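Trainee: Each chain is listed here by its residues.
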Amino acid sequence: MTQFGRQLGIGPTDNTSDQRTPRKPLRLIPSVARESFVPVVPARYVIRTHEWDMTRIAPGRPRGDGTPIEVTGTLRNENGTPIRDALIEIWNANHHGRYRHVEDASGLQLDENFFGMGRVVTDEDGNYRFWTISPGAYLARPDIGRWRPKHIHLSISGGSARLITQMYFPNEPNNASDPMAILMGDGFENNIGKTYETSDLDVDEGYRFDIVVGGRNATFFE
Amino acid sequence: MTQDNGSNLLKATNEDTSGPFFPIYFQDESLEDLTVLGPGIVGAPSGQHIILCGRVLDRHGNLANGVLMEFWQANAKGIYNSPANLGHPDLDSWFNGYGRLRSASGEYKFCTIMPGASDSRAPNITITLFSDGISRIVTQVFFEGHKANETDPVLKSLDTDDQARLIARHGGQTDGGAEIYLLDIVMAGVNETPFFDDFES
Ligand SMILES: [Fe+3]
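Residue numbers (our numbering), protein chains in the order written: chain A, 1 to 222; chain B, 1001 to 1201.
To be clear, the hints were calculated from the coordinates, so they are not data collected in a lab. These figures come from a predicted structure and were not determined experimentally. Misleading hints may appear alongside valid ones.
Here are the simulated EDC-like cross-link-like pairs (lysine to aspartate or glutamate), alpha carbons at most 16 Å apart as the crow flies [to be verified]: (1) Lys-1109/B <-> Glu-1029/B; (2) Lys-24/A <-> Glu-1192/B; (3) Lys-1011/B <-> Asp-210/A; (4) Lys-24/A <-> Asp-1159/B; (5) Lys-1109/B <-> Glu-1032/B; (6) Lys-1011/B <-> Asp-202/A.
Each pair of labels, with its calculated beta carbon distance range [said to hold, decoys possible]: (7) Val-1190/B <-> Asn-79/A: 26 to 34 Å; (8) His-1146/B <-> Asn-171/A: 36 to 44 Å; (9) Val-46/A <-> Trp-1094/B: 16 to 24 Å; (10) Glu-124/A <-> Leu-1009/B: 21 to 29 Å.
To give a feel for the contact side, a few chain A residues facing chain B, derived at Cβ under 7 Å [unchecked claim]: (11) Ser-17; (12) Arg-23; (13) Val-32; (14) Val-41; (15) Ala-43; (16) Glu-78; (17) Glu-89; (18) Trp-91; (19) Ile-164; (20) Thr-165; (21) Met-180; (22) Asp-186; (23) Asn-191.
Yeah, the Cβ is synthetic: ideal placement off N, Cα and C, and Gly gets one too.
Required output: the full structure, derived from the provided sequences and hints.
Mentor: In structure tokens, the structure reads:
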């Protein structure tokens, strides 16, 4: 007998969400099959050592336009155990709201000093850190004037932990109308970076973004 | 850190859509063909080579461009390379069982080996989809012609229409001897693929 799980929500004013969100409730995995659904990502990734500093394309190069920021946090599972050696893949739009991606047809300005993609690995204690340029908001729905608020994409893979998420910024005017933020409801707070002082660092703003992998992303091996 | 009321567990970070621009730059060819270890390397996982391919379609039957697909499967002897199986004699040193590809068009092709049957399960591959507009959705694909399909607990938990939506059709053989299996994944609407939830929530 089919047992049902959640009904996924459709992001309001998001055409792609409307086209791609399953309409039927999710089926619950029979318990004997649960283990087979949890991938283990082998640690065989390649990372260039300077990728943690996304404010410039390579060491010694000039910085991109806009505000250099630091993002740091700790990656944990729901029990609070740090997840070490996890890969975090990061991508964000440049100061003007443009991705250096062949499919970004926005026509917004590219920045010759900004690449917008980087990878870091969590340390022994699950900590990570990277620098980037604070992304611009971009107009996702020109027809109705709906913007995507400033955000940084993060993809986390480590052992059987797997999560793709976004870090948002506090007090941004477009946060409230964002379809993904609306779907998250009160939980959206959890996806906003918390500011800290960076006067001793070569960046202008700091954001703490602690990440907890759990719920549907849980690993029950670790 | 924030905590759930009445629970010692930390509150999980919300999943979010990958958006349309998951970097092609992060692509790793060694995760798109698990039959090959890497350039110039002697050795290979054991098992029958297969190619799992098809289309990812949206509610209107259009190709879902820019999808990120991840695959997870047991080796030819039905053993997953998971921490639970550490030291298992039937682990294959040359097979991790995790694959990943990003499809610009929405058509996909994943080269791997036929997973073995394990415990009470029919051979299967777990597919995770990330794309613009959605957070992760997960399903499991089976292979036409396997007797164990009739008794598999995941297939048995579904009605016959849904079962058919998860069984890849055999589509012949390549010149190189790989068996071809075809499966379209329909994200929403008529003929929607059944997707699964990890927990009661
Ligand atoms: Fe984005």
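Trainee: Per the CB criterion, is Arg-23/A less than 7 Å away from chain B?
Mentor: holds (5 Å)
Trainee: Asn-191/A was flagged as interface toward chain B. Is the shortest Cβ-Cβ separation under 7 Å?
Mentor: holds (5 Å)
Trainee: Let's test the interface hint: is any C-beta of chain B closer than 7 Å to that of Ala-43/A?
Mentor: Status violated, d = 10 Å.
Trainee: So, Glu-89/A near chain B? Judge it on the closest CB pair being under 7 Å.
Mentor: holds (5 Å)
Trainee: Go ahead and decide if the range 26 to 34 Å is satisfied by the Cβ distance of Val-1190/B to Asn-79/A.
Mentor: violated (42 Å)
Trainee: Between Lys-24/A and Asp-1159/B, does the CA-CA distance stay at or below 16 Å?
Mentor: holds (14 Å)
Trainee: Return the status of the interface hint for Asp-186/A: holds when the least beta-carbon distance to chain B is below 7 Å, violated otherwise.
Mentor: Because about 11 Å separates Asp-186/A from the closest Cβ in chain B, which is outside the 7 Å limit, the hint is violated.
Trainee: Do the beta carbons of His-1146/B and Asn-171/A sit within 36 to 44 Å of each other?
Mentor: For Asn-171/A against His-1146/B, whose Cβ atoms are near 56 Å apart, the range 36 to 44 Å is violated.
Trainee: Checking one constraint from the list: CA of Lys-1011/B to CA of Asp-202/A, max 16 Å. Satisfied?
Mentor: Status violated; Cα separation ~32 Å.
Trainee: With a cut-off of 7 Å on the beta carbons, see whether Met-180/A makes it to chain B.
Mentor: holds (5 Å)
Trainee: Are Glu-78/A and chain B close enough, Cβ to Cβ, to be under 7 Å, as the hint says?
Mentor: Glu-78/A check passes; min Cβ-Cβ to chain B is 4 Å, inside 7 Å.
Trainee: Do the alpha carbons of Lys-1109/B and Glu-1032/B lie within 16 Å of each other, as the hint requires?
Mentor: With a Cα-Cα distance of about 8 Å, the restraint between Lys-1109/B and Glu-1032/B holds, given a limit of 16 Å.
Consistency note: the structure conflicts with the earlier hints numbered 6, 7, 8, 15 and 22.
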